[in-house]
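Peer 1: From first to last, the protein sequence lines stand for chains A, B and C. Numbering-wise (our numbering), the first sequence opens with residue 1 and increments by one. Numbering-wise (our numbering), the second sequence opens with residue 283 and increments by one. Numbering-wise (our numbering), the third sequence opens with residue 568 and increments by one.
Derived by calculation from the structure, the hints in this document are not laboratory data. Some clues are possibly wrong.
What the hints assert, rightly or not - What follows is a set of in silico ranges between Cβ atoms, one per label pair, in the way DEER data are often shown: (1) A/Asn-42 with B/Phe-305: 34 to 42 Å; (2) C/Lys-854 with B/Thr-332: 50 to 58 Å; (3) A/Asn-175 with C/Lys-571: 27 to 35 Å; (4) A/Arg-39 with B/Leu-287: 22 to 30 Å; (5) C/Lys-571 with B/Ile-331: 49 to 57 Å; (6) A/Asn-146 with C/Thr-622: 53 to 61 Å; (7) C/Ile-576 with B/Ile-449: 21 to 29 Å; (8) C/Thr-570 with B/Phe-505: 46 to 54 Å; (9) C/Lys-605 with B/Asp-451: 20 to 28 Å.
Claimed, not checked - List of simulated lysine to aspartate or glutamate pairs, DMTMM-like, C-alpha gap at most 20 Å: (10) A/Lys-130 with C/Glu-578; (11) B/Lys-460 with C/Asp-819; (12) A/Lys-148 with A/Glu-134.
Backbone N, C-alpha and C fix where the C-beta goes; we use that ideal spot for every residue, glycine too.
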Amino acid sequence: MNYTTEIMDIYKETSPEENVLIPDDISVKDDRKYKLTARNINAFYGDLHALKDINMNFPQNSVTAFIGPSGCGKSTFLRLFNRMNDYIEGFRLEGEIILDDVDIYNEKIVIEQLRKDVGMVFQKPNPFPKTIFENVAYGLRIQGENNKSFLQDKVENALKQVALWDEVKDDLKKNALSLSGGQQQRVCIARALAVEPKIILMDEPTSALDPISTSRIENLIFELREDYTIIIVTHNLQQAGRISDFTAFFYLGDLIEMGRTHDIFTNPKNKRTENYITGRFG
Amino acid sequence: MNKVLINRRKDLIFSVAGLIATFVGLVMLVIFIGDILIDGLGRISWDFITGLPSRNPDKAGIFTAMAGSVWVLFLTTLISFPIGVAAGIYLEEYGKKGRISKILEINISNLAGVPSIIYGLLGLEIFARLFNLGPSLLTGSMTLALLILPIIIVATRESIKAVPSSIKDASYALGASKWQTMWHQVLPASMGGILTGVILALSRAVGEAAPLIVVGALAYVPFAPKSPMDDFSVLPIQIFNWISRPQQGFIINAAAAIIVLLVLTFLMNGIAIYLRNHWQKKIKW
Amino acid sequence: MHTKKNENIIEFLLFMSAFITVLTTIGIILVLSIEAFKFFKEVSIFEFLTSKEWTPLFTKKNFGILPLLSGTILTSLIAILVALPLGLTIAVYLSEYTSKKFRDYIKPSLEVLAAVPTVVYGFFALTVVTPFLQKLIPGMSGFNSLSAGIVMGIMIIPIISSMSEDALRAVPYSLREASYGLGSTRLQTAFRVTVPAASSGIVVSVILGISRAVGETMIVAIAAGQQPRFTFNPLVPVETLTAYIVQVSLGDVPHNSLEYRTIFAAGITLFVFTFILNNISYYIKTKYREKYE
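Construct the entire structure; sequences and hints are all you get.
Peer 2: Listed below in structure tokens is the structure:
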């Protein structure tokens, strides 16, 4: 009963033109292809087998949501795509992750370069204790970019993308920590966008926010889909339903089921998925 | 891409620099201890340990200075231990509220930063002259006791803080008074941490020379002190005295005495660390 | 009723023990002020603060504190120039680059440096470092502030490295993650994010290090010389405030003489210096303590 291979097969059978996997109400670009692929992933923390034999594909300009109860491995899996687990003592990985035909765990890969292409937004807003401007400009500065007007353009663009520009354009010199939680999280998203990544990873980006801020961020994710490939971990099933094209359900390190979000929520194939989605556990 | 590689190289260079920096101090220490051992180890003998001071470097020994250090250690412990622990208990358990405890706290933090030689000036004026105790062992020990009091108080407070309040609650619930709870429950449970702090503080006291020189401790004492009112010298002062002499023989003596002082210091530190680990293993909350 | 009374007596005794620390401070301030006051009845404060000669033990007496002050500042400056880069590098290396296991071994080993008696460091400066430096710098005096300052710097390393490392560790890991996630190296993360965020703790460690250097006595008394001289040349003998107090204490100066009071004038200068430094660090520590909680 290996759903992962089944899903892979669905992907393979689907030519972009047919758009079989894509719900009708979501428009897609025509050049959609597999941006990112995970193959035979097994991950360990010391003796703990945290991810078991996972295979998955992520088409370009799609939003994929990971759901499942706490400790199911969804965050661990997410953090593989920018090698964020590398600094954790005792962490070990088997399998490969292919981004644009390159295995990102190849020893020739420059992690810093990879992370410019794969941006990340974290669970709690974590702006640096610097000004709003310096927060958003940080990623460019560490690449050695110091041209003032260039940075200004980039910062303005990124803040406009997250619809924060009008709120903060006169306060760019203010400490980012003085903003509200929702604004802070949008600064963090702008910070990730400013380096123009190809993929954005989001680890429960709204779990620390109020409902209004949450809905603004959800709208934002929906719009960002136009330009980026997004993977989002969420505890909030309604959120997964609202914003994602595909949903993957994890349980105890196994990928139980993956498919079009609409299908997963209306017609889950696996009993455990159904139980989780209908709120019988979790 | 190029910029990224440059940054990576810088990162690598720093990780090497960090490793080197970490070991610079330790390597210096090793070189230094090696140098001292070469200079002084040959001089250490029973005669050196039990010998009285002498103008002749080959005959001079450290007996009186050793005896002085042991006396000072003993008296300083006797004075600072009860006062320091009592003060620590007061600050942590009794005087928690109000302005007075705030003042006490700022004051102790300040005292911890006062140079040791200033304590010497205090001891000279108050103990040696005002109390008329002269440059005696008692004067020196009281001066050092004040010097290490802040360390003991802080260590006591930290250890008491680590005792879970459930133990105190259990004691109060059985009808024990506050002091009974302190004496029978809190102090025994925190004694490991307190002793560790006290021994570390004493190992600092045994290495101090400056405040004792200021209160008038002598470099030359013909006989070992017999009572707290006697004149005295201590190992660090003896070492300082020998370093200041021009003859090479005294430099060797200084190296040999340093070996004895270092053994004493490291022994005390070792006991403190052992005690800390031992107690941590025994009691797990 | 009886126990209640006993409890009160015990509480009073405990309070008195704590109050001894206040008496200590009052005693220090009184002793220094009274003797310094007597000193300034005979010597003008103007001369004390401006004269560049300090020769109270000579027949022609001058009472300018500047030479002792310059000696103290010079040795402390050299010490900080050694301890700050090394200590901060160690702190960043330990907190950002190494495993917990390595840290657990290395931190206590470094603290051994602070446990060595200072008279031992003085011996090291005089018999090892100075001869070594004399080979590199011909014409350097046998007593000098360079050698004393370097050795004092080594002694101060663990103060700066330990406290700075604690401050760096207190910076939430999420900030490092955010920085790594944008493609920073560990070095960039350290100096652009963690060090700035931990700056108050690092500043406190440096101030305490300076305060320790200013008050340090035996190293400078042994290795820097006992010649008060208004200079910032690190190669010649100088005298610090502390070394002067030791020098007079070793001699046979009659009590209640002007010469005797000079050590209190030097003492109060030293005390004011360290008092200001300690209070700045205490202020920074309490003001910025709960930044991340």
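Peer 1: Which constraints among the numbered hints does this structure fail? Numbers only, ascending.
Peer 2: Hints 3, 9, 10, 11 not satisfied by this model.
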